[in-house]
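**Q** One line per chain: the protein sequences are D, F and E, in this order. Residue numbers for the first sequence, in the working numbering: 1 to 274. Residue numbers for the second sequence, in the working numbering: 1 to 279. Residue numbers for the third sequence, in the working numbering: 1 to 314.
Incorrect hints may have been included.
Cross-link-like lysine-lysine pairs, in silico, BS3-like; alpha carbons within 25 Å at most [as the list claims (entries may be wrong)]:
no., chain 1, residue 1, chain 2, residue 2
1, E, Lys191, E, Lys178
2, D, Lys221, D, Lys100
3, E, Lys309, D, Lys100
4, D, Lys183, E, Lys178
5, D, Lys183, F, Lys15
6, D, Lys2, E, Lys137
7, E, Lys184, D, Lys100
8, E, Lys143, D, Lys183
9, E, Lys184, E, Lys143
10, F, Lys245, F, Lys114
11, E, Lys191, E, Lys136
12, D, Lys2, E, Lys191
13, E, Lys137, D, Lys100
14, E, Lys137, E, Lys178
15, E, Lys191, E, Lys137
Don't read these hints as lab results, they were simulated from the structure.
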Amino acid sequence: MKPPPLVQSSVRIFDLSLGQMLWSRRSVFLGVLLGGPVLLALALRIVSTLYEAGFRINGVRAAGASIFGMMIWLLYLRFIVPILGVFYGTALIADEVDDKTITYLFTRPIPRRAVLFGKFLAYLACTVLLVLPSVMLVFFLVVPTGGGSIGAAFPSLVGDFGMLIAGLAAYGAVFAFVGTRVKRPLIVGLVFSFGWEPTVLLLPGYLKRLTVAYYLQALVKHEMPQDSAVSVLMQVFREVPSVAASLVCLAAIVAGTLWLSGRAVENREYVLEQ
Amino acid sequence: MPIHDQGYRRYGGDKAPRGQAWMVIARNGIRHMLGKRAFLGLLLLSWFPFFVRAVQIYAAANLPQAAFLAPTPETFRQFLDQQQIFVFFVTVYVGAGLIANDRRANALQIYLSKPLTRSEYVFGKLAILMTFLLIVTWLPAIVLLIVQLAFAGNFTFLRNNIFLFPAITVFAFIQVTLVATAMLALSSLSNSSRYVGILYSAVIFFTQAIYGVLFAVTRSTSFSWISFPANLAQIGDVIFRLPPKYETPWLVSLLVIAGVIAASGLVLERRVRGVEIVT
Amino acid sequence: MTNAADPGTGIVVADHLSKWYGQVIGLNDVSVSVPPGITGLLGPNGAVKSTFMKVITGQLKPSKGTITVLGEPIWNNPSLYFRIGFCPEQDAFYDRMTGLEWVTALVRLNGLSDGDATEMAHRALEAVELTDAANKKIGAYSKGMRQRVKMAQALAHDPHLLILDEPLSGMDPIARRKTIRMVKDWARAGKSIIVSSHILHEIESMTSNILLINQGRILAEGNVHQIRDLIDEHPLTVYIRAEQTRGLARAFLAQDDVLSLRFEDEAVVVQTGRPDAFYARLTDLAASGELGAIHEVTSPDDNLQAVFKYLVKS
């Protein structure tokens, strides 16, 4: 008898894992993380309603869409998406190993890489299901401030959704690969997201192409905020690839790292803690 | 008696006085971490900025053309700032599993069934993390001060900046206490050191990101009390007698720091127990 | 004592199989052929039973040598798992799922439709007597129920070979008896079962076919009584309860196959180096009746414990 095809096996693992991910205690962490921007947006909305002069950026009255764009940059793109990628991506297989449930999955007639792919899909579904509503709530709370128009800004929201999904997929895949290869993937993940990427994006040259942020930032239509000297420097050295090139590169990153992760999982022995 | 008793014999030697059990936990924890090559590498790397600064001080003292590199109190403040990245990684590396791993192995019950109080257990664990954090902050800063004295060949700098020694000590201890208690509290909340590491990272970066948004929108630094790194920076500037970076009153920052330490203590008091009390 | 088994005839065949972790040798040049039926894998703690289990279930790759299960190499061969069911030692589940949900989800990984998978899960839970608790969360199960739901997921897809790692661990005596009965029923239904344990009487109650392992090496394999016979350096102890114990003792001592003899309450306990010759004489004496009735003849060390003790300590 032949094992079920890879796609079918992955979908079944996805079915098994999605519920586990959504209803686990980690979702509390996810909820707090994603609720933070919503609460902030609510506070901004309340303040802007009470304080008629509104908010000003560089001395100019800020429209809600600019504030929303800033929140996308500062909260979602630079923090939430990478941290979710590190948190879930590095733990796709490691969690099952730590919980000692990996044995049940690896002694089934499915390729081992189907377990990884299925869990990756579950991670993507889980994070997208939670991140996008958070972004939408922030959008509806913040954009109307300062005389902004939801209708006019709505197409950019759709673009932001696509960008966030691409980011979650890319970071998740990269850190899934890190998780399968490295003993301390969390440290490596944090160094990559909050050390390597911000540093290398400041430097001129080709090094920035060895990041996910370089391609992801090309998909963001909002203006990059100048909240610090680092951001100003980033603006100076910023090179923006085309949207098409970025999408292709991000897809290649996802496909390549997932393939490598699948290979690692197929060949690795997982020794459970006694 | 020709045939000796081979059975169990009670220990009849000296025993350490009560209240020192935390030292056993600390000693073992430190030894365990020092046995890891990767961690030793991280510690060595954390002293790299010290060597750079030492060269700077040497050059300033011995080369007239490098006199502009002469150290000031701000040099030491900046040095401690630069060490923040190593403080973060050492905290995650050492601290995430301190209590989480014991919870995972159900070892808390075993620990607390010995003549060891909960306070001793917590102090022992704190001592492990604080030792390494001080090795990365206080120790290199003090050694840098001594290096400055050695290369200068006189006490002029020290006489003019006599507050530096207590400033480095106080700031390092505030920073290390805040970070260590917060990490230990988070570690007591979970069985997974990975989860704790992410939680800690989220707290640090998320608060910074929220402050970043508020600053970008309001152009005011008075919301800096939201960000943990900013609160520490504010206190650091005051201790080193430098103009504070943020508009937040330093007392507010100090209160936030004290509040976090107190909250961490409360969490530890609730979570470090031999048995879970289910109501 | 037997040496390497004839490869190619068994349900699990290891040929010069070794497994090491860095500098530490786990399995050490193991060559064995496990026949169909119930085989008990025995060894003290630290004997590397679990490593052997992990190698034969494809979780670990051999460092040297080969391992085939049901005629095929197991490592990276997922299709074999259609015919293998594994019940691991660790007490780990998706606690938020019910027993039925969990077993169904795992059976679905065999490529079955939802309906078929649910039906097979129901049958498996019925086989382990968990029908009433099928819709309860596994987190609420007792230890015995957790062991049984583990076995349910192992046999739900009707595998040909069941590999059970310490299946009776944590069970109460009634549950143990039921499980042992289940294992025997499965064997009668045509399945082959490899059961690992360090508790001798559990294995003894299931099977007399054993594989004895210690410190990474196979000490013995086969029928426990045959193994016992082959342990020449350990004389067989025979306990005989009879009317005329002294008369019997005089008759025994007349021949040189009796090494030692002592009296107990209405019985004589003999140690013999040649059990066949001794039993033949005893049979003649009993048949002739000249030394009175012989009420009971047993051998206290013709059992697994004695075999184990002799081989492990030697």
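**Q** List in ascending order the numbers of the hints, as given earlier, that are violated by the structure.
**A** 2, 3, 4, 5, 6, 7, 8, 10, 11 and 15
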